[in-house]
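> When we follow my numbering, the leftmost residue of the sequence shown carries the number 370, and every step to the right adds one.
These are computed hints drawn from the structure, not numbers from a lab. The structure displayed is predicted, hence computed values, not measured ones. Idealized CB from N, CA, C, for every residue including glycine. Do not take every clue at face value.
Claimed, not checked - Using 16 Å as the maximum straight-line C-alpha spacing, the simulated EDC-like pairs for lysine to aspartate or glutamate come out as follows:
| id | residue 1 | residue 2 |
| --- | --- | --- |
| 1 | K511 | D420 |
| 2 | K519 | E466 |
| 3 | K511 | D483 |
| 4 | K401 | D463 |
| 5 | K481 | D463 |
| 6 | K505 | E466 |
As the list claims (entries may be wrong) - Taking CB as the label site, the calculated pair distances span:
| id | residue 1 | residue 2 | range |
| --- | --- | --- | --- |
| 7 | S516 | D420 | 20 to 26 Å |
| 8 | Q405 | G441 | 29 to 35 Å |
| 9 | D473 | S523 | 29 to 35 Å |
| 10 | V487 | A427 | 29 to 35 Å |
| 11 | L485 | K401 | 15 to 21 Å |
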Amino acid sequence: MKVLIMSIIAVAGLQYSLAQEKKISTNEIHYKVAEQEIIQLSKQKWQWMADKNVDSLALLFHNKSVYVHMGGSWGKNQEINVIKSGGIHYKKADIHEVSVNIIDNTAIILTKMDLLAVVGGNEVINPFIVTEVYVKQGGSWKLGSLSFTKTMTSGKK
Numbered sequence: 370m371k372v373l374i375m376s377i378i379a380v381a382g383l384q385y386s387l388a389q390e391k392k393i394s395t396n397e398i399h400y401k402v403a404e405q406e407i408i409q410l411s412k413q414k415w416q417w418m419a420d421k422n423v424d425s426l427a428l429l430f431h432n433k434s435v436y437v438h439m440g441g442s443w444g445k446n447q448e449i450n451v452i453k454s455g456g457i458h459y460k461k462a463d464i465h466e467v468s469v470n471i472i473d474n475t476a477i478i479l480t481k482m483d484l485l486a487v488v489g490g491n492e493v494i495n496p497f498i499v500t501e502v503y504v505k506q507g508g509s510w511k512l513g514s515l516s517f518t519k520t521m522t523s524g525k526k
């Protein structure tokens, strides 16, 4: 009988401690919602880039944004012009892994991907870790920086 009572107490204590671990603060919930929002925005951006939807991209890109590619770096206007002219056509981002860190009104996204693009008339696939930095202004996220770091192997696991 003692063993049975002790077992019940142990199980109840374990359930209580597990229930305590599952509590999530409202701040954590806010960050999880913001993380999902920014991941969706990033995915939408890759589609806009593939579709050469420069009107939507121009609204998303901050006026002071910077872009770092394998062949150089430039600002918003040149990035929009490169996409519009087809100088770089981001055909398909094959995303393998995404992580988000939010610091106050700044979101940093790291994306492991294989990017199918047409560059200088040549179709290429490159494995990248892409860093995106978004800043929240007036209730909306703006892309402040987009940097491509080429890796030696594909992001596929």
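> Evaluate each hint against the coordinates.
Taking the hints in turn, this is what the structure says about them:
Taking the CA atoms of K511 and D420, the gap is near 19 Å; set against the 16 Å cutoff, the hint is violated. With a CA separation close to 15 Å, the supplied pair K519 and E466 stays within the 16 Å bound. Of the supplied pair hints, the one linking K511 and D483 is violated, its CA atoms being roughly 24 Å apart against a limit of 16 Å. With a CA separation close to 24 Å, the supplied pair K401 and D463 exceeds the 16 Å bound.
Restraint check: the Cα-Cα separation between K481 and D463 comes to about 9 Å, which is no more than 16 Å; the hinted pair holds. Distance hint between K505 and E466 is unfulfilled; the C-alpha atoms sit about 23 Å from each other, more than 16 Å. One distance hint, 20 to 26 Å for the beta-carbon pair S516 and D420, holds here, with the actual separation near 22 Å. At about 33 Å, the beta-carbon gap between Q405 and G441 stays in the expected band of 29 to 35 Å.
For D473 paired with S523, a C-beta distance near 34 Å keeps the hint of 29 to 35 Å intact. For the hinted restraint 29 to 35 Å between V487 and A427, the CB-CB distance of approximately 21 Å leaves it violated. For the hinted restraint 15 to 21 Å between L485 and K401, the CB-CB distance of approximately 31 Å leaves it violated.
Taken one by one, the earlier hints fail for this structure at numbers 1, 3, 4, 6, 10, 11, listed in ascending order.
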